[in-house]
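Enquirer: For reference, the chains in residue letters:
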Amino acid sequence: NAGVMQNPRHLVRRRGQEARLRCSPMKGHSHVYWYRQLPEEGLKFMVYLQKENIIDESGMPKERFSAEFPKEGPSILRIQQVVRGDSAAYFCASSPPTGDWLGYTFGSGTRLTVV
Amino acid sequence: DQQVKQNSPSLSVQEGRISILNCDYTNSMFDYFLWYKKYPAEGPTFLISISSIKDKNEDGRFTVFLNKSAKHLSLHIVPSQPGDSAVYFCAAVRSGGSNYKLTFGKGTLLTVNP
Numbered sequence: 074n075a076g077v078m079q080n081p082r083h084l085v086r087r088r089g090q091e092a093r094l095r096c097s098p099m100k101g102h103s104h105v106y107w108y109r110q111l112p113e114e115g116l117k118f119m120v121y122l123q124k125e126n127i128i129d130e131s132g133m134p135k136e137r138f139s140a141e142f143p144k145e146g147p148s149i150l151r152i153q154q155v156v157r158g159d160s161a162a163y164f165c166a167s168s169p170p171t172g173d174w175l176g177y178t179f180g181s182g183t184r185l186t187v188v
Numbered sequence: 067d068q069q070v071k072q073n074s075p076s077l078s079v080q081e082g083r084i085s086i087l088n089c090d091y092t093n094s095m096f097d098y099f100l101w102y103k104k105y106p107a108e109g110p111t112f113l114i115s116i117s118s119i120k121d122k123n124e125d126g127r128f129t130v131f132l133n134k135s136a137k138h139l140s141l142h143i144v145p146s147q148p149g150d151s152a153v154y155f156c157a158a159v160r161s162g163g164s165n166y167k168l169t170f171g172k173g174t175l176l177t178v179n180p
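Heads up: the sequence lines are chains A and B, in that order.
Count along the first sequence starting at 1, add 73, and that's the number in the numbering used here.
Count along the second sequence starting at 1, add 66, and that's the number in the numbering used here.
Take these hints with a grain of salt, some might be off.
Label-pair distances were calculated between CB atoms; the ranges are [claimed, not checked]: (1) B:Gln-69 / A:Glu-91: 29 to 37 Å; (2) B:Lys-120 / A:Gln-90: 44 to 52 Å; (3) B:Ser-140 / A:Ile-149: 35 to 43 Å; (4) A:Lys-100 / B:Thr-111: 41 to 49 Å; (5) A:Lys-100 / B:Asn-165: 19 to 27 Å; (6) B:Thr-177 / A:Arg-137: 31 to 39 Å; (7) A:Glu-125 / B:Ser-74: 38 to 46 Å; (8) A:Arg-137 / B:Gln-69: 24 to 32 Å; (9) B:Pro-145 / A:Arg-88: 44 to 52 Å; (10) B:Thr-92 / A:Ile-149: 29 to 37 Å.
If you're looking for bench data, these hints aren't it; they were derived computationally from the structure.
Owing to the predicted nature of the structure, the values given are computational and were not obtained by experimental measurement.
By construction, the Cβ of each residue, glycine as well, lies at the ideal position given by its N, Cα and C atoms.
Required output: the full structure, derived from the provided sequences and hints.
Expert: The following block contains the structure:
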């Protein structure tokens, strides 16, 4: 049973380009959470999604960032017109339908570098 | 405004000795606390948790202590092993409507020397 799968593991983008980060939850998990870890910081909550629904996006920057979790396929975190300050590790976690946050399982993360 | 603080960026201990990692929080609404362990290039892995109705929770070599009045918790690892070398994150959550939203500290890098 594969864990939470994130790809790519590393992503390099030039300023102004778009970054797409993908997250496939564990089998049977329908809740997905995205966290961001800036250098020398702890992880910070960004967004909570269920299939086809954004439940809480209170941690998302107001501009350039969006997230989706379609009926089929992985969850996508999209960053438009990236800037150097977007360089960070982005972690996805998933949990079962009960929404039991003690069941948080994190993926290995995508390390985004903006040059 | 940092609601969960880990004031020691790093800690070094000898194999076989006790490791004590500390965490302070400011938000009195937090009522559940978790410790995560993170190796380089991997995601955080859940280690142990404690509810605010308890003051101690033990799991093998790992024990978490909670002092609600001081808003302080600590993770004890006894005996420490070289494989315990990792970054340890303290996280807190407020149960209820937003119980999925973890607030993390900045982490403490633990190095266990053979």
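Enquirer: A separate judgement is required for each hint: does it hold in the structure or not?
Expert: Hints and how they fare:
no. : hint                              : in the structure
1   : B:Gln-69 / A:Glu-91: 29 to 37 Å   : holds, 32 Å
2   : B:Lys-120 / A:Gln-90: 44 to 52 Å  : holds, 49 Å
3   : B:Ser-140 / A:Ile-149: 35 to 43 Å : holds, 39 Å
4   : A:Lys-100 / B:Thr-111: 41 to 49 Å : violated, 18 Å
5   : A:Lys-100 / B:Asn-165: 19 to 27 Å : holds, 23 Å
6   : B:Thr-177 / A:Arg-137: 31 to 39 Å : holds, 38 Å
7   : A:Glu-125 / B:Ser-74: 38 to 46 Å  : holds, 43 Å
8   : A:Arg-137 / B:Gln-69: 24 to 32 Å  : holds, 26 Å
9   : B:Pro-145 / A:Arg-88: 44 to 52 Å  : holds, 49 Å
10  : B:Thr-92 / A:Ile-149: 29 to 37 Å  : holds, 34 Å
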